[in-house]
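The residues making up each chain are set out below.
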Amino acid sequence: MAVTGLVLIGFLLMHMYGNLKMFLGEHSFDFYAEWLKGDILYPLIPHGWFIWLFRAFMLAAIALHMYSAVTLWARAKAANPQAYAAKKQLAQTYSARTMRWGGVILAGFLVFHLLQFTVKATLVKGTADLTPYKLVVAEFNVWWLVLAYGLWLVAVCMHVRHGVWSAFTTLGANTSPKARAVLNGCAWVVAILLYIGFMIMPVAVLTGVLH
Amino acid sequence: MNITLRVWRQANAQATGKMVTYQVKDVSPDMSFLEMLDLLNEDLTLKGEEPVAFDHDCREGICGMCGVVINGTAHGRGDSPVATTTCQLHMRSFSDGATIDVEPWRAGPFPVIKDLAVDRSAFDRIIQAGGFISANTGAAPDAHAAPVGKLKADRAFDAATCIGCGACVAACPNSSGMLFTAAKITHLAMLPQGQPERYSRIKTMIATHDAEGFGGCTNIGECSAVCPKEIPLDTISQLNRDLIASLFKKDGK
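Line order of the protein sequences matches chains A and B.
Its first residue numbered 1, the first sequence is counted upward by one per residue in my numbering.
Its first residue numbered 1, the second sequence is counted upward by one per residue in my numbering.
It should be emphasised that the hints constitute simulated quantities derived from the structure, not laboratory data.
Heads up, some of the hints might be wrong.
[As the list claims (entries may be wrong)] To be clear about the criterion: a stretch of chain B counts as covered by chain A if any three or more of its residues have a C-beta under 8 Å from a C-beta of chain A, and this derived list gives those stretches:
#	segment
1	104-110
2	171-181
3	223-232
4	237-248
Note that CB positions come from ideal geometry on N, CA and C, so glycine has one too.
Looking at chain B on its own, in the form it has when it is part of the complex:
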């Protein structure tokens, strides 16, 4: 396959970037999208040009490190019924001779570091604001000491599959990080271990989300549509429920 790529090139956070066109030849349809970018980078290196910077790590779709907007959809899902991360997207999803636009996540709270790599530490700060449980360390509790109902366990597990890649923010017309925040809120709200801090966590996490400069949620649903882990939109309603309930709880302060 021969591909024409239009890639966002930006030397550093301060520089103004632009879309640059490259030809990538002899691409195997079995390559992942990142392997195709590796191919481009080998070519650029041989030519003595600066390779395209992009984030990646496990390349198994489980770490949340990779992620670019491909032809206008986060992770390049497009119209496919299958949710994907960029590393699990294969070149067979494109036709020979295609022109592909590759851009970084675009959102104020995710500033571009270089080319396609963005700084997502705003997500870390949201988690630091309460996306955890304060448990005393000690011997591991018995497996069945704290029973959790099947429905709640399933919901917690579904929400906990969030890998924090940031596709939700990239796809959101408001650049809202609500699906990410809601996934963590729902994950911990469904489990007994998450209860003691449930109604204080919601306030501190939302406050940090807003302070980081993410937009507000207007229930459009783009986030869930591109989420590689298919975090459901109903987590956001869970977040709203807990937020409303926290106004009437003493432990919500």
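Chain A extracted, bound-state conformation:
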């Protein structure tokens, strides 16, 4: 759970950095998009192989993450045969409480997101023959799409907020009350950074800063 979670958070940070290349201009972004699919690790591996190896790696991380989650969920359910008539949580945060169903919901949106920008099967306004830059601009010119994207990212960042803290604790980094505060602080920083980093580009497109 912890290791695959950190892999996915690492990917989100990279993805966010890549999205910000939109601000460097059309040429820069398109070149970056082309590079991702083309020359990475060439000639160590053949041209164009990296993207598929990377996709397989990400898919494995997601599958293992889901497998761990389902296992934990099933064990918790088996260990809770009878619910309390009254139960009050003292420490549980909203993001910790919504890790499981929240995870399912954000995975559902992930499928839509991949169909939209990777498979290009559910494009709202753009067409599949556009360059990456033009495609992103066309799609994020739809206000409700930016809104849905923003809501999805709230779910993602809440998941990340509990996830960062929880992953490091599982790996043994919560060594004292002070470490706990530091880890929780880091979790907030990563979650907020991701939200701002991901939202700044679609909002810039919608408001016409990027066109």
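Please arrange chain B on chain A, whose structure you already have, making use of the hints.
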């Protein structure tokens, strides 16, 4: 004070239980929660009804025998900044005329025996799986023969204050017994006497914890928030550290 109690009544392990409402009159604010239950039981006995079964022993907050969920929090700590056991909770913590829900610890590995009493022998089996040191008997060693650093000694003592009441499991949304297991792991891992079996103990205790049907830890922190002995959450990270280290140790097998 007059109190309305909604208490879980269950005749035996097989029976289906339900919440039953009782009125308890003339409760002194200085009574402990258990004394208030005693008052209810005297009343029920006089009426010829079955008294409410609940576990208790020292009534000083040090034995770990008592423990019920009161208004949704284990031991009835509620929003109080002071950690407590049920026997050390006093009726002055409630207002006159209050309705109080009283339920047993609810977790699969802690089956209800009767009413509010649950079977916590799953904890005993976790301890039997390695929560001890195998020392040869003989003359007591000299007091300073095995020096322990102050920080480690403090950490060991803090973890060793666990009374095994089971509030951590009762409060955990996953019904995980990780804080209990981690307290014993940390207690013994900090001391020289605990070193020889350190990395085999962790595996056998975790295996027993899982086999008993406790859930997995997802680092929510409810356990530590209700713990009457304030066992810190960082003991669970110590447990995880030792578990990871044990994978690379020969003595972890």
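Cross-check of the supplied hints:
no., hint, result
1, 104-110, "holds (count 4)"
2, 171-181, "holds (count 5)"
3, 223-232, "holds (count 4)"
4, 237-248, "holds (count 5)"
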